[in-house]
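S.K.: These are the residues of each chain, in order.
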Amino acid sequence: GIQVEQSPPDLILQEGANSTLRCNFSDSVNNLQWFHQNPWGQLINLFYIPSGTKQNGRLSATTVATERYSLLYISSSQTTDSGVYFCAAYAGNNRKLIWGLGTSLAVNP
Amino acid sequence: EAGVAQSPRYKIIEKRQSVAFWCNPISGHATLYWYQQILGQGPKLLIQFQNNGVVDDSQLPKDRFSAERLKGVDSTLKIQPAKLEDSAVYLCASSRPGTFSGANVLTFGAGSRLTVL
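First to last, the sequence lines map onto chains S and L. Numbering of the first sequence is given in my numbering, commencing with residue 907 and proceeding in unit increments. Numbering of the second sequence is given in my numbering, commencing with residue 616 and proceeding in unit increments.
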């Protein structure tokens, strides 16, 4: 089946730093999404990004579907950005969401 | 719009007892998901409903877990009897199915944290 791989698995940043998280997928996927899970466990959908680039404040995401990857950019990181970032995408007939293992981000003050 | 509602937020039970979790999805969202998330791991899909029909329950331990979605709205996930390894957060999510932009975008509830002693 389709594999979704995320890198790096762990990341520690100083507040104010920028970072790039990567999501690779092994085959064509649909409806790629990025999620943030905060330290209290709430999962929030950040981006629905099947292709192209979107921006929301300090966060932006780019998906290059033909090359089977997506990137999440965090600029001027804040301590509230800490948590786990997941990418997930639908495979095949859009009926099953495949999840990556996540990138655990810690932003230190 | 109101979010996905889940209850209870926390539950502590002893092994072999039973527990039930409730989820109310966003109004108009036909697809409902139950995920299990063990500490330090990503979400694992237990069951996915489209309206009140099951789309995928391949990872649901059917000897102890059951779920229903009567009338295609609210859903209940039950565990009976519980085991120690069922300690996890149970997340409910919903989405609007379709091929239009924004379809299949999941919105999650706050989760129900289960501790089995």
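No lab work stands behind these hints: they were computed from the structure. Heads up, a few of these hints could be off.
[What the hints assert, rightly or not] Think about it this way: if two alpha-carbon atoms lie no more than 20 angstroms apart in a straight line, the pair counts; the simulated EDC-like pairs of lysine to aspartate or glutamate are:
{"#": "1", "chain 1": "L", "residue 1": "Lys659", "chain 2": "L", "residue 2": "Glu683"}
{"#": "2", "chain 1": "S", "residue 1": "Lys960", "chain 2": "S", "residue 2": "Glu921"}
{"#": "3", "chain 1": "S", "residue 1": "Lys1002", "chain 2": "L", "residue 2": "Asp672"}
{"#": "4", "chain 1": "L", "residue 1": "Lys677", "chain 2": "L", "residue 2": "Glu700"}
{"#": "5", "chain 1": "L", "residue 1": "Lys659", "chain 2": "S", "residue 2": "Glu911"}
{"#": "6", "chain 1": "L", "residue 1": "Lys693", "chain 2": "L", "residue 2": "Glu629"}
{"#": "7", "chain 1": "S", "residue 1": "Lys1002", "chain 2": "L", "residue 2": "Asp671"}
{"#": "8", "chain 1": "L", "residue 1": "Lys693", "chain 2": "L", "residue 2": "Asp672"}
{"#": "9", "chain 1": "S", "residue 1": "Lys1002", "chain 2": "L", "residue 2": "Glu700"}
{"#": "10", "chain 1": "L", "residue 1": "Lys659", "chain 2": "L", "residue 2": "Glu629"}
{"#": "11", "chain 1": "L", "residue 1": "Lys686", "chain 2": "L", "residue 2": "Glu700"}
{"#": "12", "chain 1": "L", "residue 1": "Lys626", "chain 2": "L", "residue 2": "Asp701"}
S.K.: Are there hints from earlier that the structure breaks, and if so, what are their numbers?
M.R.: Going through the list in order, the structure violates hints 2, 9, 10, 11 and respects the others.
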